[in-house]
Amino acid sequence: MRGREEAGRRRPAAQALASAAALAAVLILAASLLTACGAGGSQAAAGTDGAEAGRTESGGEPLTVRIGYQKYGTLNILKADGQLNRKLEEQGIRVEWTEFPGGPQLLEALNVGSIDIGHTGEAPPIFAQAAGAPLVYLAHEPPSPRSEALLVPKDSDIQTVADLKGKKVALNKGSNVHYLLVKLLEQAGLAYDDIETVYLPPADGRAAFESGKVDAWVIWDPFFAAAETATEARILADGTDLVQNHEFILGERSFVERHPDVIEIILAEADRIDGWAKDHPKEVAELLSPQLGIDVPSLELAAKRRQYGVQRVGAEVLEAQQRIADTFRQLGLIPVDIRVEEAAVSPEAGK
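In numbering that gives the first Met the number 0, the protein residues as written are 0 to 350.
Be aware that a few hints might be false.
No more than 30 Å apart at the CA atoms, straight line, and that leaves these computed lysine-lysine pairs for DSSO-like [stated by the list, open to error]:
{"no.": "1", "residue 1": "K86", "residue 2": "K281"}
{"no.": "2", "residue 1": "K281", "residue 2": "K78"}
{"no.": "3", "residue 1": "K164", "residue 2": "K153"}
{"no.": "4", "residue 1": "K212", "residue 2": "K164"}
{"no.": "5", "residue 1": "K86", "residue 2": "K212"}
{"no.": "6", "residue 1": "K153", "residue 2": "K172"}
{"no.": "7", "residue 1": "K153", "residue 2": "K182"}
{"no.": "8", "residue 1": "K78", "residue 2": "K303"}
{"no.": "9", "residue 1": "K78", "residue 2": "K277"}
{"no.": "10", "residue 1": "K172", "residue 2": "K86"}
{"no.": "11", "residue 1": "K212", "residue 2": "K166"}
{"no.": "12", "residue 1": "K172", "residue 2": "K303"}
{"no.": "13", "residue 1": "K166", "residue 2": "K182"}
{"no.": "14", "residue 1": "K182", "residue 2": "K172"}
{"no.": "15", "residue 1": "K182", "residue 2": "K212"}
{"no.": "16", "residue 1": "K78", "residue 2": "K212"}
{"no.": "17", "residue 1": "K212", "residue 2": "K167"}
{"no.": "18", "residue 1": "K281", "residue 2": "K303"}
{"no.": "19", "residue 1": "K86", "residue 2": "K182"}
{"no.": "20", "residue 1": "K166", "residue 2": "K153"}
{"no.": "21", "residue 1": "K277", "residue 2": "K86"}
{"no.": "22", "residue 1": "K182", "residue 2": "K78"}
{"no.": "23", "residue 1": "K212", "residue 2": "K172"}
{"no.": "24", "residue 1": "K182", "residue 2": "K167"}
{"no.": "25", "residue 1": "K167", "residue 2": "K153"}
{"no.": "26", "residue 1": "K167", "residue 2": "K78"}
{"no.": "27", "residue 1": "K277", "residue 2": "K303"}
{"no.": "28", "residue 1": "K164", "residue 2": "K182"}
{"no.": "29", "residue 1": "K212", "residue 2": "K153"}
Pair ranges (Cβ atoms, derived) [as the list claims (entries may be wrong)]:
{"no.": "30", "residue 1": "G59", "residue 2": "R271", "range": "39 to 47 Å"}
{"no.": "31", "residue 1": "P296", "residue 2": "G131", "range": "25 to 33 Å"}
{"no.": "32", "residue 1": "G308", "residue 2": "P334", "range": "28 to 36 Å"}
Rather than coming from a laboratory, the hints here were simulated on the basis of the structure.
Glycine is no exception: its CB is placed at the ideal position from the N, C-alpha and C atoms.
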């Protein structure tokens, strides 16, 4: 009887001890969670491991924006500026930059899923869309027809585009200058097959041009400006009154649809850097020269003849792109008919 009474007296005490132990465990767990949250917040604020505490893809991996760029253009200036990286990293979003020798190579990378965002001239998106690339037009720069040209050596006997009949002309296949060449030949009364096209990326094109292996070279800035200043190459014709030579910012469709807010940040930053670059051509040249390995005078020349200001893609620009696509199809340069408007971000983008 006494044992049962003592057990009865011990039971409330044991229950009290158990409750106290449970409360202590809860408090310790809560303290641990608060400490962990504080550490994660500090990392995100410091921009170190913020991606792990910030935006993630559906599989739980930290969100990474993979941006392709060329040696010259708005995205190239934006990379050198660094502000876009900082803005996205503040939200725990990583940024990876990859350089390409030209627009066709950049859009091939987009087609196979290696990059999410990039910039090119007018022709590369046409060839890429014809190849089934899941690209969308996001924005464009104002026309810059003087930023691409057909060059001949300074002592060449070629005086007009008509003189190119039977000659070798170097160009990067599928690049913006491809359309310029087509229009120049058309204006001069020459057929596309009246010349011999030699498809070379810019660096190889420059070497072939200087060594005399080709008779002419159709090229864009800053390679155009560098050739002018270094070789005194003569401009046979530029794009004035023939082509618009827009620079486009393009995206991979699924990425654009999943992350519209990230796209808005990129476009806003691109427009910001354009506003600065427009009024600071020498500073742009000085900023890019170490990165590109091109002298400041050449880059300043290129900066002064391009136009600035990121604009949304509307019906007029899409119609101009359609004309390029139709021309390339007629010449057999692309294998299928395409509708450029299908590469708009949304139906509203074409209105």
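May I ask which of the numbered hints given earlier this structure violates, with the numbers listed in increasing order?
Numbers 5, 10, 16, 19, 22, 26, 30 and 31 - these are the hints that the structure violates, sorted from lowest upward.
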